[in-house]
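Fit chain S to the known structure of chain R by using the hints.
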Amino acid sequence: MLDTAKTRWHPVAATYDLPFRHVFHAQLLGREFAVWRADDGYVNVWENRCLHRGVRLSIGINDGRELKCQYHGWRYSNRTAGCTYIPAHPADAPARTITNRTFAAVERYGLIWSAEEPQGEVPELPGLAEGELLTLRGIPVNAPADVVAARLEGYRFQPNGRTDGSDAKVSVEASNEFSVALRAVDGEASTLAVFFVQPVDSNRSVIRGVLDGKVEGAVRLAVLHHHNDLLSKLRDIAEHEAQAQPVPAPLEPVIDRVSPELAEMPEETKHGRKATIRVEVARKWQAADGIAGFELRPIKGLLPTFQPGAHIDVHLPNGLIRQYSITNGPGESDSYIIGVKLERDSKGGSTCLHETVRQGDVLAISEPRNNFPLRRDAMKTIFVAGGIGITPLLAMAQALSNQSLNFELHYFAQNEAQLAFPEKTACLGTSLKPHLGLSPEQTGARLREILSGYRSDAHLYLCGPGPMLEAARHVAAEAGWPETAVHFEYFKNTNVIDDSSSFEVALARSCVTLKVPAGRTILDVMREAGIDMPSSCEQGACGTCLATVIEGEPDHQDVYLNDAERKSGTKIMTCVSRAKSARLVLDL
Amino acid sequence: MTKTRCTDQVILDLWHPLAALAEVRAGVVVDTVLLEERLSLAIDGKGSAAVWRDRADLAEGSLVDVAAVDGKLPVKLAYGYIWTSLGNPPADLFPIPEFDEPDRRKLNAATVGVNVSAPRAIENFLDMGHFPYVHTDILGAEPHTEVKEYDVEISVDRDEILATRCRFFQPMASTTSTEGADVDYIYRVPHPYCSVLYKSSPVDESRLDVIAVFLQPVDQEHVRAHMMLCILDEENEDKVIKRFQQTIFGQDKPILENQFPKRLPLDPRAETPIRADKSAIAYRRWLSQKGVTYGVIPAAT
Numbered sequence: 001m002l003d004t005a006k007t008r009w010h011p012v013a014a015t016y017d018l019p020f021r022h023v024f025h026a027q028l029l030g031r032e033f034a035v036w037r038a039d040d041g042y043v044n045v046w047e048n049r050c051l052h053r054g055v056r057l058s059i060g061i062n063d064g065r066e067l068k069c070q071y072h073g074w075r076y077s078n079r080t081a082g083c084t085y086i087p088a089h090p091a092d093a094p095a096r097t098i099t100n101r102t103f104a105a106v107e108r109y110g111l112i113w114s115a116e117e118p119q120g121e122v123p124e125l126p127g128l129a130e131g132e133l134l135t136l137r138g139i140p141v142n143a144p145a146d147v148v149a150a151r152l153e154g155y156r157f158q159p160n161g162r163t164d165g166s167d168a169k170v171s172v173e174a175s176n177e178f179s180v181a182l183r184a185v186d187g188e189a190s191t192l193a194v195f196f197v198q199p200v201d202s203n204r205s206v207i208r209g210v211l212d213g214k215v216e217g218a219v220r221l222a223v224l225h226h227h228n229d230l231l232s233k234l235r236d237i238a239e240h241e242a243q244a245q246p247v248p249a250p251l252e253p254v255i256d257r258v259s260p261e262l263a264e265m266p267e268e269t270k271h272g273r274k275a276t277i278r279v280e281v282a283r284k285w286q287a288a289d290g291i292a293g294f295e296l297r298p299i300k301g302l303l304p305t306f307q308p309g310a311h312i313d314v315h316l317p318n319g320l321i322r323q324y325s326i327t328n329g330p331g332e333s334d335s336y337i338i339g340v341k342l343e344r345d346s347k348g349g350s351t352c353l354h355e356t357v358r359q360g361d362v363l364a365i366s367e368p369r370n371n372f373p374l375r376r377d378a379m380k381t382i383f384v385a386g387g388i389g390i391t392p393l394l395a396m397a398q399a400l401s402n403q404s405l406n407f408e409l410h411y412f413a414q415n416e417a418q419l420a421f422p423e424k425t426a427c428l429g430t431s432l433k434p435h436l437g438l439s440p441e442q443t444g445a446r447l448r449e450i451l452s453g454y455r456s457d458a459h460l461y462l463c464g465p466g467p468m469l470e471a472a473r474h475v476a477a478e479a480g481w482p483e484t485a486v487h488f489e490y491f492k493n494t495n496v497i498d499d500s501s502s503f504e505v506a507l508a509r510s511c512v513t514l515k516v517p518a519g520r521t522i523l524d525v526m527r528e529a530g531i532d533m534p535s536s537c538e539q540g541a542c543g544t545c546l547a548t549v550i551e552g553e554p555d556h557q558d559v560y561l562n563d564a565e566r567k568s569g570t571k572i573m574t575c576v577s578r579a580k581s582a583r584l585v586l587d588l
Numbered sequence: 001m002t003k004t005r006c007t008d009q010v011i012l013d014l015w016h017p018l019a020a021l022a023e024v025r026a027g028v029v030v031d032t033v034l035l036e037e038r039l040s041l042a043i044d045g046k047g048s049a050a051v052w053r054d055r056a057d058l059a060e061g062s063l064v065d066v067a068a069v070d071g072k073l074p075v076k077l078a079y080g081y082i083w084t085s086l087g088n089p090p091a092d093l094f095p096i097p098e099f100d101e102p103d104r105r106k107l108n109a110a111t112v113g114v115n116v117s118a119p120r121a122i123e124n125f126l127d128m129g130h131f132p133y134v135h136t137d138i139l140g141a142e143p144h145t146e147v148k149e150y151d152v153e154i155s156v157d158r159d160e161i162l163a164t165r166c167r168f169f170q171p172m173a174s175t176t177s178t179e180g181a182d183v184d185y186i187y188r189v190p191h192p193y194c195s196v197l198y199k200s201s202p203v204d205e206s207r208l209d210v211i212a213v214f215l216q217p218v219d220q221e222h223v224r225a226h227m228m229l230c231i232l233d234e235e236n237e238d239k240v241i242k243r244f245q246q247t248i249f250g251q252d253k254p255i256l257e258n259q260f261p262k263r264l265p266l267d268p269r270a271e272t273p274i275r276a277d278k279s280a281i282a283y284r285r286w287l288s289q290k291g292v293t294y295g296v297i298p299a300a301t
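Sequences listed follow chains R and S, in order.
Following full-length UniProt numbering, the numbering of the first sequence begins with 1 at its first residue and continues without gaps.
Following full-length UniProt numbering, the numbering of the second sequence begins with 1 at its first residue and continues without gaps.
Be a bit skeptical, because a hint or two may be false.
Said to hold, decoys possible - According to the in silico footprint, chain S covers these stretches of chain R (three or more CB under 8 Å from chain S):
1) 42-54
2) 81-92
3) 252-262
4) 374-388
Claimed, not checked - SDA-like cross-link-like pairs, simulated, lysine to any residue; straight-line CA separation at most 25 Å:
5) S:K290 / R:P260
6) S:K148 / R:T570
7) R:K380 / S:T136
8) S:K148 / R:A91
9) R:K571 / S:E149
10) S:K148 / R:T484
11) S:K148 / R:E261
12) R:K68 / S:G250
13) R:K380 / S:A181
14) S:K253 / S:E142
If you are wondering where the hints come from, they were derived from the structure by calculation, not from laboratory data.
Please read all numbers here as calculations on a predicted model, not as lab measurements.
No residue lacks a Cβ here, since even glycine has one placed at the ideal position from N, Cα and C.
If we strip away everything but chain R, and leave its shape as in the complex, we get (with noise of 0.2 Å):
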């Protein structure tokens, strides 16, 4: 009977274990769930285990809206129970891959029920009506689920409001050998009792009971209290015809492996230009002067992990290729939100989303890639936005928010009306430091203000227009930052790029030798030779191409790696940058 047990639909909780904030204890068939609700009311159903090292995830923390294991404090989202950050290495960002095993989860009739393997759909009962009925505390059995259903058949108790009584007409009006329903009826009174026997393991389960009507008051408690002596009473029976009978064996659940690439050191997942995803633009809107907001929910299915600083790219109708960052907080996991500025000089991408793309629209995006990841271990975070530059920034300064990290977000532009997504920078209170209307000069004057004292423990996040991005890099470096706590992303690549060179590329790992001639990439040459490697921006700004040197001078062109590593000769970005030695050998 077990075994058909899996694909059944089983409660696993009532809606009052799951208060604000909490995190409940479950199990089913032997395997243990981590049972939380996130402050969007979104109800988690987990494996009840950390990935990295096992710890149950029921003693986490629920923080609404991601929940963080207690032993390393690893982080998970709400929906997709994928790993947002690894304390442990605060500058790198976690493979988007780690994610914690899932099961469905469907709340009705005050009841949380989910499956291993569900087929078909949560029962539904006719006589019951959704917030017409009185759901019974869970009363624990050790007493196998079929010796419980089978005792439950004989139950026999009286209407709502008839409780004081005691000659009801109890009859079975339906059961299986999961659930009983029965009907009392004493005179004008009648009451439709349906229970679910939770099979917690081989020798163990709960009477879920849900009766029709709605009560209150003192005939709500006296219902109450004669369902629990009742049901205390069949307890007691259930268990001593268990004890008869030899114990079984507890069930097994078999824990999944993590996946082979997990199971090494982590490296960065592989991914080429593609567009695996299909959102539909749920909502397009004013989010400030010139900026339009678009939020991008899923067609099917949940939306992949992100982590703050990551960007999709969205491929547009008209076949142009554009990355935005996403600007959601942590656990905002049922949609992407994301802002895009119109530009005087688009080249067809910001006027498309603009003027082409309306709500209703389905547009192809990648997953989330994190090139610009937020380090959470700083005594102090200072984030410098310009204009539209404010969106990665954005995603960073709500993670901190939500982890009460100190944090301030410096915001250059015009004027107000061009501060994008108000209804969200209106949660960061005081850390919210716009600046408004300044010249270039006056931009400089108040960036050395900003960045004057530098202490170490403190990290620097900019992103803006170039030349702002290079002014504050230029003050920050006087200021006595050094380049390990600075990051920064660049919209774009502003430099010319010069392709005139060629020469010869040798991939160490993947033991190829190519030719790039001049007015071609090492990304494109590589592509065609078979080689997967992932890119995004393909100008040098996102730094999603990133390769290995081993051997060799490159010619930097990009604008994502900072003097230092563009000195140390070990990093080159493929997309744009070249060689100036004869031969580059790349760790690929």
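Only chain S this time, still in chain R's reference frame:
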């Protein structure tokens, strides 16, 4: 011969700790459990000890002449504990040279029962990443969560794991400082169920305190953890020093008891390691190479 419940010859042949000498009354029988076997022990207070399989005529609490007990198991007195073996133990236990330095305080901080396998407890002992979360404001504090790169080697000649260049931010680095600072650690795993750590001494910059955990495997999923201290401290009373270690261990215990499965999985795909877990990865490989099966879930071959 009595049937041995543990069939792992590697584990049977090891020395295992049973009790702190300072906590055993001379000439009185004490019962304990090792590898699911009921054992009794006694010391004479003059440097001799005996360990034997539990017998009805020598009940716990009864008086015994240590020299007169027959059917004794191998016994060794080392690092303040009484050790025995259910197999053929090596002549020597792993060395801790600092134990012989005369100016050190040596004590058993605590013996605590924990509902977990010995290897899970060793991994916890080697782990720095949990300091800010489990030992909040004592051994670590958010947001200083980074585990910096460190070195791990398996020493072939000494047959032990050695993790060096380990550093972790500690909010109150010493009794005299009010600011946090990186504290240096060295970890050794010289025995599948024992580990020794060396940590910057707050009173003498040039020397290291030694803290060891010796795990007595009661069965595959239960241990008695003996915590040995060998430290530089002339200020504090024993009870103050012990209380500190007991606080730390009391914070680890509920985490350890909520790990699933309780036995340590040696299949590399059972859990998700990160770079900070280098020493744990080495430990799991070392156990696999030794062929240890007790207290672990061996990788499918």
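Proposed proximity, T136 (chain S) with K380 (chain R) (alpha carbon, max 25 Å)
19 Å, holds
Compare the distance between the alpha carbons of K290 (chain S) and P260 (chain R) with 25 Å, and conclude whether the hinted pair is satisfied.
Within the cut-off at roughly 23 Å; holds.
Check whether three or more residues of the stretch 374-388 of chain R sit with their beta carbon closer than 8 Å to a beta carbon of chain S.
With 4 residues in contact (Cβ-Cβ under 8 Å with chain S), the coverage given for the stretch 374-388 of chain R holds.
Verdict on chain S covering the stretch 42-54 of chain R, criterion of 3 CB contacts below 8 Å:
holds (count 6)
25 Å Cα cutoff - pair K253 (chain S), E142 (chain S):
Holds. K253 (chain S) to E142 (chain S) sits at ~21 Å (cutoff 25 Å).
Is the listed coverage of the stretch 252-262 of chain R by chain S valid when you require three or more residues with a beta carbon under 8 Å from a beta carbon of that chain?
Holds: 6 residues of the stretch 252-262 of chain R have a Cβ under 8 Å from chain S.
Restraint status (C-alpha distance of K380 (chain R) to A181 (chain S) at most 25 Å):
Distance ~17 Å between K380 (chain R) and A181 (chain S) Cα, so the pair holds.
Can you tell me if the stretch 81-92 of chain R counts as covered by chain S, using C-beta to C-beta distances under 8 Å and a minimum of three residues?
That given contact holds, which follows from 6 residues of the stretch 81-92 of chain R lying within Cβ reach (below 8 Å) of chain S.
Is K148 (chain S) within 25 Å of T570 (chain R), Cα to Cα?
Holds: K148 (chain S) and T570 (chain R) sit about 21 Å apart, inside 25 Å.
Starting from K68 (chain R), check that the Cα of G250 (chain S) is at most 25 Å away, please.
21 Å, holds
What's the verdict on K148 (chain S) and E261 (chain R), does the C-alpha distance respect the 25 Å limit or exceed it?
22 Å, holds
Straight-line alpha-carbon gap K148 (chain S) to T484 (chain R), limit 25 Å:
The hint holds at about 15 Å.
Violation of the numbered hints given earlier is absent; every hint is satisfied by the structure.
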